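**Q** Residue numbers (the numbering used here), protein chains in the order written: chain W, 113 to 395; chain D, 113 to 395.
No false leads were mixed into what you were given.
Copies of one chain are not kept apart here, so a pair can be met inside one copy or by any two copies together.
35 Å max Cα-Cα, derived DSBU-like pairs, lysine-lysine:
hint, residue 1, residue 2
1, K252, K271
2, K252, K310
3, K271, K367
4, K271, K310
5, K367, K310
6, K209, K310
Everything labelled a hint here was simulated from the structure, so no lab data went into it. Computed from a prediction, not measured in an experiment: that's the story for all the values here.
What follows is each chain in one-letter form.
Number of protein chains: 2
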Amino acid sequence: MTQAKLHLIKTATEVPLTINVTAIDENGVVQQKSVACERPLTVYLNWRPIVTLMTLGARPEALALGYLKNQGFISDVTQLESVIVDWEVNSAAVITKEQAQDLDAKLAEKTVTTGCGQGTVFGGFMEGLDNISLPEPHLKQSMIYSLLRNIAQYNDTYKNAGAVHGCGVCIEDNISSFVEDVGRHNAVDTLAGEMWLKQQDGGNMIFYTTGRLTSEMVIKVAKMGIPVLLSRSGVTQMGLELAQQLGITMIARAKGRHFLVYHGADNIEFDDIQSNQAVTQER
Amino acid sequence: MTQAKLHLIKTATEVPLTINVTAIDENGVVQQKSVACERPLTVYLNWRPIVTLMTLGARPEALALGYLKNQGFISDVTQLESVIVDWEVNSAAVITKEQAQDLDAKLAEKTVTTGCGQGTVFGGFMEGLDNISLPEPHLKQSMIYSLLRNIAQYNDTYKNAGAVHGCGVCIEDNISSFVEDVGRHNAVDTLAGEMWLKQQDGGNMIFYTTGRLTSEMVIKVAKMGIPVLLSRSGVTQMGLELAQQLGITMIARAKGRHFLVYHGADNIEFDDIQSNQAVTQER
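Produce the complete structure using the sequences and hints provided.
**A** Structure below.
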């Protein structure tokens, strides 16, 4: 219903996600290679420029909404009128009837940074963390393995060109939505925007990312109401502390049959340990 | 001389870079693991807060200077009076006699993003790119291999805890300086701050990074006057286009004996191809 309001001049599928280039390998041989696209997308809220994101461009409308929502600029999906993406001018114009509360104040605040370690997240980002209460998940090791196998079917751009991060929201071992981006936080915001638009509850979901679990990544997933974080990469101290505070089950270094549970191991039923040992013996 | 002006209340070595935690592995076994620290550092310029960076905290004074310099807030190292880092309050206070040109205007501009794909780089970031003219390097494949072997001695935090990126400035196969951070752009800015403080010319240097070569990474290295980029990861389309425009030799996917030259292959003497073929045959 809310989605029907959206008018996209151009859909993301109209821009390529990779381009072909030539590179010289270590043997001096010319190789045909794919490279991930990176393009600016300036996000406007009611005709006011908010930020320019460097993005792969896979789902710009969801990215723009997710960014604005995660930064606290917009909150009421029913007031949303349109998101108009125009790659001719690299813009995503979001129109809402909602009064963006103290937009000036938010634009003035520059006190919390993005998880890439830099840049600026506008005021409002940390708001509402105290109110978050996440359900306690019950996970099975065998389901985690099944999910990791299913995710291996995704991240086409990464397989093709590398240089992107992938994120997915999953219910048990099914991937509800998966997106890749040159910026890992763009990928998170894109999924956040989608879930917000569809008014999905993250309570029964698992959030998968190829990226590191830094403070901002954990905060964003908590705001999506998702109680489980699964990453191919590692964690930082602040990411772990936030997961402990917010009650997020944090599983990192998840690749093949290996993973490390940094928080919430009690929520995991280790029902597939045997085969791990078998695998170990085979090595 | 300029360095002598710096008074550090606390040096970076006074904060730990990793902490020890326990994690449960896939066999349900408790493992002792190290995790990279992540802490906020609010950068003040003449007592005015500019940004909060999430950083490992290895070299906060150089990071603060490099960030301010790369964002165009400061430019004259001789006007620098002090950088006071205080981890008690997570602050880095930079004092300069230099008039930070139109600081308000720069703080108001939020139109170019960081290479992580998000956040905000203040006005001035793109300034001066047209004036950049980089020397043409002459590289030997054998030297690249020697450099990669030497770099393997570094990135202690990564080996210990993961979840960080490493960057180094190198002259031939010698690493002049190497730094790690949870944010790859913090690592770049830290080296930029160091070189600026020492008034080093990057013309004979190679910039190594474990991170992806996105647009902002290339721009920052060009501003450091360094004509060669060497990365363990891949490149994006905009990173490549900027390297072509700015005349930066761009070598990516450099690991072991493998690499891909995306731009500037003419500057590389392939003097070690034989052993590659040998290695290939051994496989």
